[in-house]
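> Protein chains in written order, with the UniProt record's numbering: chain P, 1 to 338; chain C, 1 to 338.
For the record, the hints were derived by calculation from the structure and aren't laboratory data.
Take the hints with a grain of salt, since some may be wrong.
Since the list gives no way to pick out one identical chain from another, each pair is judged satisfied if it fits inside one copy or across any two copies.
Calculated cross-link-like contacts (lysine-lysine; reagent style BS3-like; alpha-carbon spacing at most 27 Å) [stated by the list, open to error]:
no., residue 1, residue 2
1, 142, 34
2, 9, 110
3, 57, 37
4, 179, 290
5, 57, 110
6, 110, 34
7, 58, 5
8, 110, 35
9, 110, 184
10, 9, 142
11, 205, 38
12, 205, 264
Protein chains: 2
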Amino acid sequence: MITIKDLAKATGLSVTTVSRALNGYSDVNEDTRKKIKKAAEELNYRPSAAARSLVMKKSRTIGVIISDINREGIKDALAYEILCGINDRSTMLDYDILLFSTSSKKQQKKSYSDLCKERGVDGAVIFGLRVNDPYLEEIICKADFPCVLIDIPVESKNAGHVTTDNVYGAMLAVNHLLKLGHRKIAMINGHNEAAVSIKRLEGYKQALEQAGIPFDTDLVFDGGFSEEGGCEAMYRILLNHPDVTAVFSASDLMVLGALRAMEKLNRRVPQTLSIVGYDDIPVAAYCSPKLTTVRQDKYEMGYRSAQLVIDMIENRQVDRRIILQNELIIRESTKAIP
Amino acid sequence: MITIKDLAKATGLSVTTVSRALNGYSDVNEDTRKKIKKAAEELNYRPSAAARSLVMKKSRTIGVIISDINREGIKDALAYEILCGINDRSTMLDYDILLFSTSSKKQQKKSYSDLCKERGVDGAVIFGLRVNDPYLEEIICKADFPCVLIDIPVESKNAGHVTTDNVYGAMLAVNHLLKLGHRKIAMINGHNEAAVSIKRLEGYKQALEQAGIPFDTDLVFDGGFSEEGGCEAMYRILLNHPDVTAVFSASDLMVLGALRAMEKLNRRVPQTLSIVGYDDIPVAAYCSPKLTTVRQDKYEMGYRSAQLVIDMIENRQVDRRIILQNELIIRESTKAIP
DNA sequence: ATTTTTATTGCAAGCGCTATCAGTATGATT
DNA sequence: AATCATACTGATAGCGCTTGCAATAAAAAT
């Protein structure tokens, strides 16, 4: 391995000068710099990030913590799109990404923040945490490096967040259904450990109440954000509330499950029931019927998270609360009441 | 930041002893070890990975190089599934992942191997490289750390690979079509800078020839692995070869494009044309018609890659050539000739 | 000619850790 | 009593890098 010392020997200069030349300091003669650069080139020198970060206490690395990167996440690929956004922006800003994630199954020995601390990341972006996750508190209180949380609206000394306007997004969905003449609208929600579920429920409620329709708890079902859960929720809706004409689901994945339930019971969407989902996952544009849904720009969420965490790392004063807008995409799974 | 030195001071021992106690050396009195561990706990000590890897010359980090992690890859999510597999296995084996990737647009300043060298990764797994990528050669020859290539069958001093049997996979697809009575079978291929394209073409040829059907170059179209390309290829097939009754596509994504072309021209799948794809992407099971396709276990590819690269890092003698089997999934896009 | 400034370079310390070697005390062996 | 093995602990030297400070020489100012 070629070190700065080798370059010093090769050029007959000191390590100090070599270091300064390579790092663009102005107090080194241009001829000297050229000589050093040439030697570095010839010897194919690469600075050791470990050594550098040891002394600088900066690693130019951001930790990306995604709980549950796993096979189940493949269908909706939310985490992936976010990751793409993070990756693009941090590469641009010359930061590297250290990926942490844990199969929920085996409990991890180390906490995320320990991992981050050991690896000396300069900051972290975190996705997929439940609001009651023990690490969340730890992050908010203890973390001594910037953290940005995706879809968990907390703020603290070292934490910021980026999310979308989930209340508004849900209202978009429900208002659409309302405009189509639906009055009896059920909701398939995720689970109440997810910040977004709480918000989307709120939006659902608000839209209903604005239309003068009383909110009815019995019409809200938890689908756990899974396809299976969506399927079961749909069965229950069909069984217990045959007068429901439309469903708002907190995720497209659950709609996929709901669609399966409908098919099993030989009921057609949107002819007998309108459904609007959330997320606009890739499948939404291809399944049958194509899903009317609330699109979140997950890539943008990742992109902005990276920007925010790096802003915080580099001590720029910026707004630590980023809220993106959602958009209603109307396709085939909704239809006006006859 | 709490260092080993602080622990030494706190316990009245030397840094040497502290280091050894924490690293489980046997030549430390158990009482001493306990005292040290207690102090470490209380002070919330975390070892610095940078310092450690500086002296050990091991980082317990593997670089994952995925060319083109970007929005276009979201639909098929191949890279994501692979990443999941890599992540799961390396987390298990206590390695961290450093993610490298580049938007193809802006040429990068540093090559992958430079990145790896700087960050001192112990090994790397690489996906998405074209066979003529300049970095490929660099990796094969220059890399002084283990590399595992996904879907590029090369082997060298420091390189291994994992791929699937693409010749066989293609034969599976074409034989299925043959069995359904199709004789005039076109192929939509990716591009010939992809190792898998070359192999799948070979499988297509072989299956045809085994059935006594002469191979016809005119029936092979490049779709560039994109939806758009698949669409255009389909138009060309329909226009120039109206007697084609079946198509084998080297990716599901291109089938999605082909399906769009069919719809535009008001031709139905599988009634007027059978199509079999490759990959079994998530959309394949939901689109209409559901796709008959050759499934690759991408997660497994990632998982095995991680295992292999770590085996190589830890100097275990293992087979550096891993070839997984593909599986034909029969759904609705293929049908026997009347 | 002398002092001051400016430009350029090197010495040396130290980041947090591991590892080599030596040292001390204790008990076992002759 | 002298020797040796055993169990533990510490001093110290780096790993490759940055940086504060000192040193030197040349140029500018007095």
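> Each hint should be assessed against the structure and marked as holding or not.
These are the hints, each one checked on the structure:
1. 142 / 34: Result: close only across copies, 26 Å inter versus 46 Å intra.
2. 9 / 110: between (43 Å within a copy, 25 Å between copies)
3. 57 / 37: both (25 Å within a copy, 25 Å between copies)
4. 179 / 290: within (19 Å within a copy, 33 Å between copies)
5. 57 / 110: The answer is both: 22 Å in one copy and 23 Å across copies each meet 27 Å.
6. 110 / 34: between (46 Å within a copy, 20 Å between copies)
7. 58 / 5: both (22 Å within a copy, 20 Å between copies)
8. 110 / 35: between (47 Å within a copy, 21 Å between copies)
9. 110 / 184: neither (48 Å within a copy, 59 Å between copies)
10. 9 / 142: between (45 Å within a copy, 24 Å between copies)
11. 205 / 38: Close neither inside one copy (68 Å) nor across copies (52 Å); limit 27 Å.
12. 205 / 264: For residue 205 and residue 264, the Cα distance exceeds 27 Å both inside one copy (30 Å) and across copies (41 Å).
This entry does not satisfy hints 9, 11, 12, going by the numbered hints stated previously.
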